[in-house]
Every structure is written in structure tokens, then in C-alpha cells.
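Participant: Read off the chains here:
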Amino acid sequence: MSLPIPPLLTYALRRLVQAVPVIVLIMVGTFLLLKLAPGDTVDALVGDMGGADAQFIERLRIEYGLDQPVWVQLWRYMSKLATFDFGWSFVYEQPVATVLMDRLGTTLLLMATSLSIAFTVGVALGAIAARRAYSLTDNVISTLGLVFYATPSFFLSLMMMLLFSVKLGWLPVGGIKTIAGFYTGWDHVWDVALHLIMPTAALSLIYLSFYLRLMRSSVLQVADLDFVRTARAKGAGETRLMFHHIMRNALLPVVTLFGLQFSTVLGGSVVVETIFTLPGLGQLAYQSVIQRDMNTLMGIIFLCSIIVVVVNFLTDLLYARLDSRIELS
Amino acid sequence: MSQDRQDTAPILEIRDLKIALPEGSDRPFALDGLSLRVNPGEIVCMVGESGSGKSLSAGAVMRLLPEPHVYVADGSIHFEGDDLLAKSEAEMRGIRGNRISMIFQEPMTALNPQKTVGWQIDEVLKLHMPAKRAERRKHALDMLARVQIPDPESAYNAYPHQISGGQRQRVMIAMALALSPRLMIADEPTTALDVTTQLQILKLIRELQREDGAGILFITHDFGVVAEIADHVVVLRHGEVVEQGPAAQVLNDPRHPYTQALIASVPDLAPPAPKPLSDSPVVLKGTGLKKTFAARGGLLTGKRKAVTAVKDLSFALRRGETLGVVGESGSGKTTVSRLVTRLLEADSGAVELDGADLLACTPAQMRAMRKNIQMVFQDPMASLNPRKRVVDLIAQGPIVHGANPAEARENARELLELVELSPAAANRFPHEFSGGQRQRIGIARALALEPKVIVADEPVSALDVSVQAQVLKLLADLRDRMNLSLLFVTHDLRVAAQLCDSVIVMQKGEIVESGTAAEVFTNPQHPYTQTLMSSIPGRDWTPPVRNTDAA
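From first to last, the protein sequence lines are chains A and B. Heads up, the first sequence is in our numbering, so the first residue is 3 and it goes up one at a time. Heads up, the second sequence is in our numbering, so the first residue is 699 and it goes up one at a time.
Okay, the calculated bits of chain A under chain B, using three or more residues with CB under 8 Å as the criterion:
| hint | segment |
| --- | --- |
| 1 | 226-239 |
| 2 | 243-254 |
Residues on chain B that point at chain A, a partial pick, calculated with CB under 8 Å:
| hint | residue |
| --- | --- |
| 3 | Met760 |
| 4 | Asn796 |
| 5 | Ser799 |
| 6 | Phe802 |
| 7 | Thr807 |
| 8 | Ala808 |
| 9 | Leu809 |
| 10 | Val822 |
| 11 | His826 |
| 12 | His859 |
From the structure, some residues in chain B lie toward chain A, with a derived Cβ separation under 7 Å:
| hint | residue |
| --- | --- |
| 13 | Arg794 |
| 14 | Gly795 |
| 15 | Asn810 |
| 16 | Pro811 |
| 17 | Tyr857 |
Worth flagging that the hints you see were computed from the coordinates, not collected in a lab. Cβ atoms here follow ideal geometry from the backbone N, Cα and C, with glycine treated the same way.
With the sequences and hints as input, model every part of the structure.
Facilitator: So, in C-alpha cells, the structure goes:
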């Protein structure tokens, strides 16, 4: 007796197979692009040291394999990557994998929380604004959304810092935890949470307006559709209409946006991470560019492309779950 | 109004209903003094053209008007003796779906796409029936069986997009009848359906209503449907009742000139006398046309089954002839019109226009050939560029084909006169015209290139019946005057009967019958054609005014 393969699994497998060439292309492309940029790790290192003799530089180049032609370097890098070996970071003197893993947690925590808050609050406010379209409530919500959308993230972050840390002294200025605190257990969790409040708030306030505006227009659009009228004619009340008929259908485009934004989860917080000195991937990427840390940079890009592929897959699954008209095949 | 009709206690009684429109509308009241009554076991048809206010009156009874912009300004609506206008919103919710229910026009959009059929029927029950889940489910399944859905169990679990249009409308009816309402309001329930499905649905509504003894307020624009189903008819025009009375009287002996004009516009089923065409040359000839919409997807992506839209189709169109292509949705008739004009590429076959094979033309040759074969499209709004003036819309074709722009514009103005529009129309934009006028512009555009053949794809389906009659008359006139050949694609057999010299009946991509209109309409040979003919609503009723004309 042969076990039937569940359709979801075949679908997942097919998506996995499709993802491989995508990721290989991204990696080859970025590798070549980075090689086109002037300067390499050795230049950056030597610059940090304040100069060195030509022989030493030559030796470093040979040691790092930078004397080889580009395509040989590419081949070496790609074949190592195929075994999930990201190489060695010459700046941090650690394997790239270790450096990445150290930073991944912070970024994921920051981005996942801010996006989830932005999504939930944005959808709720958007729905409320649409139900009371053109009223005072709607105007207040829409205007506030626009203000936050228009505010640059660095400005918003600095103003929050000024208010909550400098003037009121309620929240820590930056970092992920109190450095000399050595907290453990729940104290540690509480400490990290306190440190994350402002960066999360700054990020979610900016993202929020996207969801708010999209949800508002989507709800307004769906509320005019025939099946909502049908439900009214069945005697359904406003709450029931809103939850079962309007929101259910209005959410679809918003979910698409959520998927798109989540794909940028690793790269999207460079500014906020830098301002709040959070040791995350955004900050790491920025420093790696400055220091020409090829391996680390490539590692981050690899991680990002994996996340994009995974999130796209999850969005499609979610979409198929939410929209009965779409079938995975 | 007959005396016994007044004696029974009505289910619905509307008196002097006035519905106000927002300021700045083209008239102050959408409905101005509507009075009607619906008795138990009676079907009252409200007939009128678009904009007559018939749908708003349904909204008023359900208390679902888009208030505060549109509201009841005056009058009363009594349902089983209760004043509906005095009810609170909560009381109305108790009545809606329970004692008064409604069926809408578009079964496609009237059901929530994200919920199963079962869920949506269950919603009505949940709202109004204090019963356990299992009991409600059983009731819902019974209702689905009652509306003759083949497999109630699987339909219960299906999503709306998984069942056909006819079945969706059955689901709507099941939903509307689930709680045996006293009054059912049906707003154009069969307009979006094919004729054979339409007849089944109309019969179903009739049967179920007889069993339940409910009253039905039936809104329609189609006198054929009225003849099929109505007991009592109310004719509306611009929000005013122009005539009402028993169906037989209004249909066969209309008193008001407007009703007479409306009924006169209904095409009867007597085809025109066959023209002696056998000796005119063949202008357009299709041989062995075939089109399959290929299976989509490759090795790694999803697959979709191939659909054969047209298989092995041949026809010949003579000069001055009108060839009707008739069939239900999915029969491939629209594909034929696209293949012939090469808007779609055929898989195999040949289309000969004056002896030259269109399908073998190079793109450059084809552009030159297009001059000879022009199209009139279904939706006059969507097929005219909204940013261009009418004169440019018409002159564009000749200019592209190398005419002098000034001359082309001059010709365009003359063409407007030909299609009976004022020359002042030339400098206006499409949105400033009514549907019928827009279709005239569409015809003028097609004529601008002095084509030999015009392919018209459902050119009058989007129009009101009186406008439809005018546009058809114009088309027939132009055809005779300019010796045009017409390939006329339609789903409406009445329209085909009025205009076409010969007819092709299509089913599932194949011609099942062809011949002169007189032969096909009076003596259909193929069983499918026979079914189509016997499904035309009101086929036993012949519009009276036309009768007197003939006599």
C-alpha cells in the first residue's frame, strides 16, 4: 500500500525546488556586485591599522584568497555555501555563522513585534475609521496615520528618546539590556522588554499607517459589495456584518502587504537599530559595508533571501487559507 | 383593479410612497407616489427601465435604503398590517430574512466568496431560528433538496465559486425561503442567467411560492419574464406608476402609451421574411476554425485543463446578410467573434474575407485588412476611451489608415448624423451620453472605415428594451442602406429572431444547428435548439401592438 503524499507537502517541495535557483542567482549577483565596489577587506584592515608595507598587504591578500581571479573566489565561496559554511569574518575573528546567530535574535524580536503590532492595530484602526467614514473619529485616525507616516524614523526615534529617556527618565536610552545589570530569569526578560519599547514603538508607528490606510479603503470597498447587502437582507446585525462578511474579505489585500513587508524584516531596521544601538542585523550590515567584511555581508544577504522565500511561502499558505477561491497546486 | 383582489388582507401594502433623492439629482424623488399591494399567493411584477426606481422600492420595504442620502419622504408601507416605517432597526432585523426575504440579481456576487454555501444558509437560520446546530443543518440540507440542487450534501460544503451560476441562484432561493417568509422580494433574479436556467429558476420560484402561499414582489425589466410569471403588473417610469392591473390585461391590452411603447419594443419571435440572398457573393467565410485554450503551467507550476472553446466551425456570410451566432454562456460564441476578427489567434482553420485568408496575413497585412472588418462591442461604456472626444473616437480609425485628419473628422460628423445623433455630440466625451447613445457612437466608429463586415458581440445586451429596439432598428437600417454584412453574436433569441437572416446555434463549441432564421425559429430540428426555444420566457405571449400592426 502506497501512502498518498498530502498535496500541501508536494506544494512545499515544489516551492523549495523553485527557491534554489532564486537564491543561487541572488548570491552570485550580490557577490559580483560587491566585487565591483572599490576596496576590499585588506584595504579596510590596513586603513584601520594606519598603513602597512606592500609585502604585508600582499601576504594578507594571499591568506584571505583575495589574490585569485573573481570567478575562482566566487566558485570557492559558492561551493562552501552549498554546505552551509558561511566562512570566517576577518573583522570579528569569528565564524560568520556565529556572528549572525548572535545578532539574529534581537532583530527578529524587534521586527516581529513591531510588524505584528503595526498589523493588528493598523487593521483595527482602519476598520474603525472605515465604519465611521468621514466622521470626526475617522479624521483623527487618518490624520494621525498620515503624520506618523510622514515622520522620518530617525526624527521620531530621537524625539521619543528626548521625551521618555532624557526628560521623563522612564526608559533606557539604548542598547538591548543594562550592561552592568547581569540580570537573569524574569528580571532579564523585563530588562530587555524595557529596552525594546521605544524602538518597537518607533518602527510600528511608521508601519502602522500602511495597514491603516489599506484596511480603511479595503473595508469601504467591500462594504459596498452585493454579498454584504445580502447579509443585511438576511437580518444580520452590524457587528456580524463587520466580522464575518466585511473584514474577512477586506483582510486579503492587507495580508499581501504584510507578507511583502515581513520579507524586509531583516534589512528594514538599520536606522532604528543604529539610533538605539541595538546589536541587530541591520547595524551589523551597516558596519560590514563600512569594513568591507565580505563574508559577513554575504551571510546577511543569504539569510535575508532565505527569509524572503520562507515568508512568501507562508503568505501564500495563509492566503490560500483565507481565500477559499485560491487553491494550492 | 378587480374587486376580489381588494377584499383579501394583503401581505404588503404600499401607499403613496415617496423616496427622496439627494439634492442635485436629476429628479427630487426616486419614487413619487407608489401604491401597490401584494396578496397572499400572488406574484406582483414591478416593471420598468433602468432608473425607474424599482430597486429602491425594494430597498424601502426592507428598510435598507442608503440613508440618510436616500430616504422615505412620505407614504406608508404596511406588512401584514404592521407599519414597517415605524419599526426600530432591531425589530427590522428580526423581520429581514425571516418574514420578508430577498433574492438579488447577481448570484455571482450576492454570496460571500469566503464562506461555504452551508454556512451562509445556516446564518439565516442561526439569526432567526432557536435550534440546535444539527437541526439547522438538517433544515438547510432539506432546503437545498427543495430547490433541486443535485447533491445537497456536497453543495452544503462547497464555496460559491465551486458551483454554477444557476445553482448559486438556487442557493439564494433556498436561503430566502428557508424560514417560509410571508413576502419574498426578487430583484431581477434571473437577468444574469442563461435562458434554459432562467426558465428553471422561474418555474422553481412559482412552485415554491404555491406550496408556501407567500406573496412575491418581483422586479424585472423583461416583459418575457413578466408574461411567464406575473399575476399582477405595476409599470414604473421615472418613479411614477403609469399603469397597473392584472397581468393578462397589462400585457395584452395596455392602456398607457408608455406601456404600449415598452411592449411594442419587445422583439417578437417571428423572424423576418427570408431575403433572396443565395446569389449574392460570400463576403466572409470561416472554414474548420478551432480554438483551444491551452492548459496552463509547466513542469514546476500548477496545471489547468485545456478548454476547447471552438471545435471545427465553418460558416459563410453573404453580402447584405445578417448571420446570428446564438448560444448560452460557454458555448464559444464570443470566441468565434474574436477569431474572425483575429483578436484571438485560431489554432487552425481559415477565415476568408473577399477571398483573402485573414489568418494567413502578416501583422502588417492584417492591419490593412482590419479596415474591412470592424467590431461593435457589448459594453458601450467600457469600449470607448473616456478621455477622447467623440469626433476623435470615430475619426481615429480612418486617420490610422491614412485618411486626411480634417476630412476624417468631417466624415465623423456626418456619421453621427447617420446614427441619429446630433452633430453637437461630436465635441463631447463618452460619459456625457446614455447607454443607447454610446452604442450608436460605437456603431459610428465601426462604420467610419467603411467595412464590408461588421462583427457585433452582444451589442444590445446592456441596454434597456426600448433603447434596444431603437439600436436594432438602426443596425437593420444601416445594413440595408449600405449593403453591410453582419455577424451578430447574441444570447437573446428574441433579438436574433428580429434581426437575423440566418442563424447558427452553438453548444459547447460546436454548431448544433444552422439555417435560415425562419427555419430555425419555426421548426427547430436539434433537441438543444428545441430546449432553447421552449425556454424563452413568455414564448406563448405575443406582444399585442405588433399583432395589430401585422393585421
